[in-house]
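Single-letter residue listing:
Protein chains: 2
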Amino acid sequence: MTYCVGLKLNKGLVFMSDTRTNAGVDNISTFRKMYSWSLPDERVMVLLAAGNLATTQAVVSLLDERTKAPDERTVSMLEVPSMYQAARLVGDTVKEVIRQSAPVGQSADAFGASFILGGQIRGMEPRLFMVYPEGNFIEASDDTPFFQIGETKYGKPILVRAYEPDMSFEETVKLLLVSFDSTLKSNLSVGLPLDVLFYERDSFRIGYQRRIEGDDPYFRTISEGWSSALKSAFKSLPDFTR
Amino acid sequence: MTYCVGLKLNKGLVFMSDTRTNAGVDNISTFRKMYSWSLPDERVMVLLAAGNLATTQAVVSLLDERTKAPDERTVSMLEVPSMYQAARLVGDTVKEVIRQSAPVGQSADAFGASFILGGQIRGMEPRLFMVYPEGNFIEASDDTPFFQIGETKYGKPILVRAYEPDMSFEETVKLLLVSFDSTLKSNLSVGLPLDVLFYERDSFRIGYQRRIEGDDPYFRTISEGWSSALKSAFKSLPDFTR
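Protein sequences appear in the order of chains A and B.
For the first sequence, position 147 matches number 147 in the numbering used here, and the numbering has no gaps at all.
For the second sequence, position 8 matches number 8 in the numbering used here, and the numbering has no gaps at all.
Where hints are given, some of them may not hold.
Said to hold, decoys possible - Here are a few chain A residues that face chain B, going by a calculated C-beta distance under 8 Å: (1) Phe234; (2) Pro238; (3) Asp239.
These are computed hints drawn from the structure, not numbers from a lab.
Note that this is a predicted model, so its numbers are computed, not measured.
The beta carbon of each residue, even a glycine, is placed where N, CA and C say it ideally should be.
The whole structure should be built from the sequences, with the hints applied where relevant.
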């Protein structure tokens, strides 16, 4: 599986993804699931991918125009006029990749992949989309300001409860690490290290990007601190009375 | 879907189940998913059911021997010599019910059902089992002292983190309500009211049993209190630093 989250804040966009891929529990690998394209001062786009690794890599390669010789590439993600068109491009590309894989007789489901796409193009607002394997997509709104793909359930309750649109980037990374920690503890197919990326609204460059390893001292603080903070929160509530 | 939890404590066993059943989101009903059998001073058995409602009701009817005239029933759940045999009886019964439903051409999966069975028979320890649709079963141990069936993911992180074997019944109900509240908030196919049952070790009678409705003041306190307790717990952790 996979766990990726894209979150829209007043201050910008934050993305986090794990790096585990697996074909059965006895065959795991580490692959980056976060991709970005940018033209400094003009646009930034970030893509998170979940699902069949062959599909997601093919989609990214096509978006990168890696089928062409390096000097003939005019990467379409850097040329689309709007984020809406970028989401459509991702959707069309994934549909195409799945269509090409499916006719050999296997179910198309096995080749499925979902994406979170976020970014901003100069003159327009930052936008955040979720693209389905069918190629259609939805956009984040004030009511639903974040998207999750992959193993979404374990880490959802804390996102729903603690997200605030005016959070700082630093608080948001904390929130995401709590959400990822709950997921890591419950699903073996989600694994460290994690990739994090912050895009600050109207900056048109990637603001901050890092890989968080398993021995990262801040991650350890959150993982251990959250267990005890959760226990004290739980203790603070009144017990049931018969 | 469904959400049911059975939990083993030093003090005894605690069970909680929701009551929503659904065939699509446009067809929901309320059904009790908690069943119990007892012979005062001799044995108590509690069964929680998730999955196809026709299957789970058929299993319970067969365990109750409702195919026989009332005065000919010698309910087998009250006669098996051990909890292990009780789990086997539930397993054999669910296998039989699924086998009878499946030959009409549909996949056996559609008729699947899982159960949590807990109880105690005089002269033996309290025991807690999870019975799979295939009829086989596993028993709770010190390492895994609780079982969940149905929509298990949203409510798992808090159970893993806050469970302690020496909890009181009152604390355990609080823990289960937090776990159920997270699930209710995230999955429409899990719904109020909730049934709760407590069996005190070596009592050989049902200790406490109640239905918790949506307007229950304690449930409201937990549901609202947990949101704010969680937010403060989250605030208490140090923010990320770039």
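Hint-by-hint comparison with the structure:
1. Phe234: holds (5 Å)
2. Pro238: Hint holds; Pro238/A Cβ to chain B Cβ min 6 Å, cut 8 Å.
3. Asp239: Holds - the Cβ of Asp239/A comes within 8 Å of chain B, reaching about 4 Å at its closest.
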